[in-house]
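Can you make the complete structure from the sequences, with help from the hints?
Protein chains: 2
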Amino acid sequence: MSLRREAESESGLAADDLRESWRLLAPEDRLEAFLDLPRPEAEDFFLELSSRDQYEMVRAIPPEQRRSWMRLLAPDDAADLVQGAGDDEREALLALLDEQTRREVMALLAYAEDEAGGLMNPRYANVRADVNVDEAISYLRKQAREKLENVYYVYVNDADRKLVGVVSLRELFAAPSDRTVRDIMSTDLVTARPDMDQEELSRLFAAHDLQAIPVVDENGRMRGIVTVDDIVDVLREEATEDIQKIGGTEALGAPYLQVSLLEMVRKRVGWLAALFISEMLTTTAMAHFEAEITRAVVLAVFIPLIISSGGNSGSQATTLVIRAMALGEVRLRDWWIVIRRELASGLGMGLVLGAIGFSRVLLWQALFKSYGPHFLLVAMTIGGSVVGVVTWGTLAGSMLPFLLRRVGLDPASASAPFVATLVDVTGIVIYFSIASTILKGTLL
Amino acid sequence: MSLRREAESESGLAADDLRESWRLLAPEDRLEAFLDLPRPEAEDFFLELSSRDQYEMVRAIPPEQRRSWMRLLAPDDAADLVQGAGDDEREALLALLDEQTRREVMALLAYAEDEAGGLMNPRYANVRADVNVDEAISYLRKQAREKLENVYYVYVNDADRKLVGVVSLRELFAAPSDRTVRDIMSTDLVTARPDMDQEELSRLFAAHDLQAIPVVDENGRMRGIVTVDDIVDVLREEATEDIQKIGGTEALGAPYLQVSLLEMVRKRVGWLAALFISEMLTTTAMAHFEAEITRAVVLAVFIPLIISSGGNSGSQATTLVIRAMALGEVRLRDWWIVIRRELASGLGMGLVLGAIGFSRVLLWQALFKSYGPHFLLVAMTIGGSVVGVVTWGTLAGSMLPFLLRRVGLDPASASAPFVATLVDVTGIVIYFSIASTILKGTLL
Numbered sequence: 000m001s002l003r004r005e006a007e008s009e010s011g012l013a014a015d016d017l018r019e020s021w022r023l024l025a026p027e028d029r030l031e032a033f034l035d036l037p038r039p040e041a042e043d044f045f046l047e048l049s050s051r052d053q054y055e056m057v058r059a060i061p062p063e064q065r066r067s068w069m070r071l072l073a074p075d076d077a078a079d080l081v082q083g084a085g086d087d088e089r090e091a092l093l094a095l096l097d098e099q100t101r102r103e104v105m106a107l108l109a110y111a112e113d114e115a116g117g118l119m120n121p122r123y124a125n126v127r128a129d130v131n132v133d134e135a136i137s138y139l140r141k142q143a144r145e146k147l148e149n150v151y152y153v154y155v156n157d158a159d160r161k162l163v164g165v166v167s168l169r170e171l172f173a174a175p176s177d178r179t180v181r182d183i184m185s186t187d188l189v190t191a192r193p194d195m196d197q198e199e200l201s202r203l204f205a206a207h208d209l210q211a212i213p214v215v216d217e218n219g220r221m222r223g224i225v226t227v228d229d230i231v232d233v234l235r236e237e238a239t240e241d242i243q244k245i246g247g248t249e250a251l252g253a254p255y256l257q258v259s260l261l262e263m264v265r266k267r268v269g270w271l272a273a274l275f276i277s278e279m280l281t282t283t284a285m286a287h288f289e290a291e292i293t294r295a296v297v298l299a300v301f302i303p304l305i306i307s308s309g310g311n312s313g314s315q316a317t318t319l320v321i322r323a324m325a326l327g328e329v330r331l332r333d334w335w336i337v338i339r340r341e342l343a344s345g346l347g348m349g350l351v352l353g354a355i356g357f358s359r360v361l362l363w364q365a366l367f368k369s370y371g372p373h374f375l376l377v378a379m380t381i382g383g384s385v386v387g388v389v390t391w392g393t394l395a396g397s398m399l400p401f402l403l404r405r406v407g408l409d410p411a412s413a414s415a416p417f418v419a420t421l422v423d424v425t426g427i428v429i430y431f432s433i434a435s436t437i438l439k440g441t442l443l
Numbered sequence: 000m001s002l003r004r005e006a007e008s009e010s011g012l013a014a015d016d017l018r019e020s021w022r023l024l025a026p027e028d029r030l031e032a033f034l035d036l037p038r039p040e041a042e043d044f045f046l047e048l049s050s051r052d053q054y055e056m057v058r059a060i061p062p063e064q065r066r067s068w069m070r071l072l073a074p075d076d077a078a079d080l081v082q083g084a085g086d087d088e089r090e091a092l093l094a095l096l097d098e099q100t101r102r103e104v105m106a107l108l109a110y111a112e113d114e115a116g117g118l119m120n121p122r123y124a125n126v127r128a129d130v131n132v133d134e135a136i137s138y139l140r141k142q143a144r145e146k147l148e149n150v151y152y153v154y155v156n157d158a159d160r161k162l163v164g165v166v167s168l169r170e171l172f173a174a175p176s177d178r179t180v181r182d183i184m185s186t187d188l189v190t191a192r193p194d195m196d197q198e199e200l201s202r203l204f205a206a207h208d209l210q211a212i213p214v215v216d217e218n219g220r221m222r223g224i225v226t227v228d229d230i231v232d233v234l235r236e237e238a239t240e241d242i243q244k245i246g247g248t249e250a251l252g253a254p255y256l257q258v259s260l261l262e263m264v265r266k267r268v269g270w271l272a273a274l275f276i277s278e279m280l281t282t283t284a285m286a287h288f289e290a291e292i293t294r295a296v297v298l299a300v301f302i303p304l305i306i307s308s309g310g311n312s313g314s315q316a317t318t319l320v321i322r323a324m325a326l327g328e329v330r331l332r333d334w335w336i337v338i339r340r341e342l343a344s345g346l347g348m349g350l351v352l353g354a355i356g357f358s359r360v361l362l363w364q365a366l367f368k369s370y371g372p373h374f375l376l377v378a379m380t381i382g383g384s385v386v387g388v389v390t391w392g393t394l395a396g397s398m399l400p401f402l403l404r405r406v407g408l409d410p411a412s413a414s415a416p417f418v419a420t421l422v423d424v425t426g427i428v429i430y431f432s433i434a435s436t437i438l439k440g441t442l443l
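First to last, the sequence lines map onto chains V and H.
Numbered continuously in numbering that gives the first Met the number 0, the first sequence closes out at residue 443.
Numbered continuously in numbering that gives the first Met the number 0, the second sequence closes out at residue 443.
Hints are supplied without guarantee of correctness; some may be wrong.
As the list claims (entries may be wrong) - So the derived list for chain V, only partly shown, Cβ under 8 Å to chain H, looks like this: (1) Arg22; (2) Ala143; (3) Ala205; (4) Val227; (5) Ile230; (6) Gln243; (7) Gly247; (8) Ala272; (9) Leu274; (10) Phe275; (11) Met279; (12) Ile292; (13) Val300; (14) Leu304; (15) Thr436.
These are calculated hints, taken from the structure and not from any lab test.
Positions of the beta carbon are idealized from the N, C-alpha and C atoms, including for glycine.
Set out below in structure tokens:
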């Protein structure tokens, strides 16, 4: 939150160097380089760190220095830091704070980290409705001198601490001196409840283009503000989580290079093993068709091509739907619209790919005589199977996120690899069923 | 940017209803519902729309009403709207603006939409360094009365319009009245060049936790500010683009339900067809091993299982690396660190999956006598191939984003389906090579 840095300091470069090499340094080296910085630079550097890194630093520095570092933090940032600590350390960390901040931090800790209540800052600019503009500005100057972190909007509370209006600082500045705050305040408010999920909160910010949103409890009392810069971090985190899930891994929860090798394998191998075991169904399915493969080995040759066309179209559809859901563009009740669109898209794309597959067989036959006298039937089998598998893959991939959300799971768990695995098994069944129908009496 | 809405209006519900149903409405219905809103609500609603939707609305409303809607917009928003119009319409839209705004918008249009210059707002709070705090606050109130959109930081320019310092409004408010701005301003500045890419800009915001960053040209002159709320939109867009690319589709560039069916198929089938044609290499590879399959059909049965294990581990690795690159956690020069980590992870995960595959063969042999007298060799073939394919898939998936970035392409193009396809072909070769070695003289 601090823009102020010491330009005149001679080791300005050192801070930038440290920023640059931070993610590659071992914990001991981080501490050493950090403690080497001149104090004002070290403070700015500390404030820019993620709460995870702040926690690591506070833990690493000598106990007698910890207090001043903890007290640099705004209540919401201190709460994030404390949240990252084990239960046994929390008390000790909280004890480092001053009385007022400790009370505020403990109130924030009651909320989950990913809810509005856990993101909000309990210190915000507020005035009464009946003061005039000049008085309001003087009063804000007084609040700023105490511990105010941000001033974008000034919130108007009544005697009961109920939120009754808001005025932007711009509007306050622009208003004639003798108008009262009540005259210029807006009373139609966009507010969040303390337990609003951070993803929903980020949609609220995006929809209303606000700098800050007040958090109001069930009694209409204002508890704090969430500012848009906290939402920037939320959006990055949420997108990272979704992308990692789509890629078929547990969310890492920390920067790539900071996760230990063992932890990395642990987070990744679980999903891979689950997918591998599910994919064994393809082996079972294939075993059913061993007789067909023995009679017409040419069928085996096309298996990877056909099942991957289903997997790819499924990955694509599931990714589009997951993202559209995350952005609020598509909701649960839109499933019927989506199913019709995806059926049509899947069929269209299947026909294009099917035609390519059909031509491939004819071309190879013309060039190399690869497929014998029944080449036309083989071409029809391949073309037809691709149409079926792509249509089915698209449909399954698009519906899976709806199913997952319907039963209360995260739609992003419908990862591309998961859909591909699901579609592989059914793809084999579709392929061999079509082959049996078309090739019966000739190759089979 | 407006928090002000008319609470007393009777049709407050109508605006919320419209907001709710907007994405499902046809263009004609949108216009009708929009024009039905009381003016103040319609204005707020308009300001909350995306620039794409704002453009559609301006185009749809009767020509004589267009001016007042265009003039509601801040210069950067007006520029975004005009950017979305065809070349033939731009002139007409620009003509609706007042002279000053038109000049500012045209200056903004010189920058690409996804650069700092295209995101910035040319109206910002500024003062001279030698005024005192009281004078500065009065001067800001005067600026606010004119056309200032945001006040977080007050920028200090010298006589040459060069940026020399910055003071946050909080600091200005908190300072004693008689100090000069020079005394309290910070001179170590975080700035952006007009041509800085929006992704880099968003990392700058995240690293320094700032509300706004000044855009400064090569001569040190300040051109405008980019505010963090614009970055929220950027982050959502960038994450959507990356997710869609990872899922193996062109970025849609518009909300899912607003893309026409034909456009949707066009954007998706290109990648699918490219993948399908690449995947045909598996058919060619398989054809090489037709003799082996004829002799040991059991090999064909495991093909989907083995190649999918490579595809899944590759998708996982590529997704993790792409995201880590987008967040700036991993850079091009880190490739050597990544390759070592991924080799170790891949081998570790391969051994786990290989052991599962090995056990599967032994189990089925014990239960169903599926694999004949040479079952142990079959189990070794499957186990060994899975180790090889998973290790290779992980390595290939993690290195592909580096290769793409090295040659100047977007690493996110290394989509999960692309990696899976790449690994499928090599997976078949690995599998049959291992099978030939282990089974020579028995099954083969």
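Hints versus structure:
no., hint, result
1, Arg22, "holds, 6 Å"
2, Ala143, "holds, 4 Å"
3, Ala205, "holds, 6 Å"
4, Val227, "holds, 5 Å"
5, Ile230, "holds, 6 Å"
6, Gln243, "holds, 6 Å"
7, Gly247, "holds, 5 Å"
8, Ala272, "holds, 6 Å"
9, Leu274, "holds, 5 Å"
10, Phe275, "holds, 5 Å"
11, Met279, "holds, 6 Å"
12, Ile292, "holds, 5 Å"
13, Val300, "holds, 4 Å"
14, Leu304, "holds, 5 Å"
15, Thr436, "violated, 21 Å"
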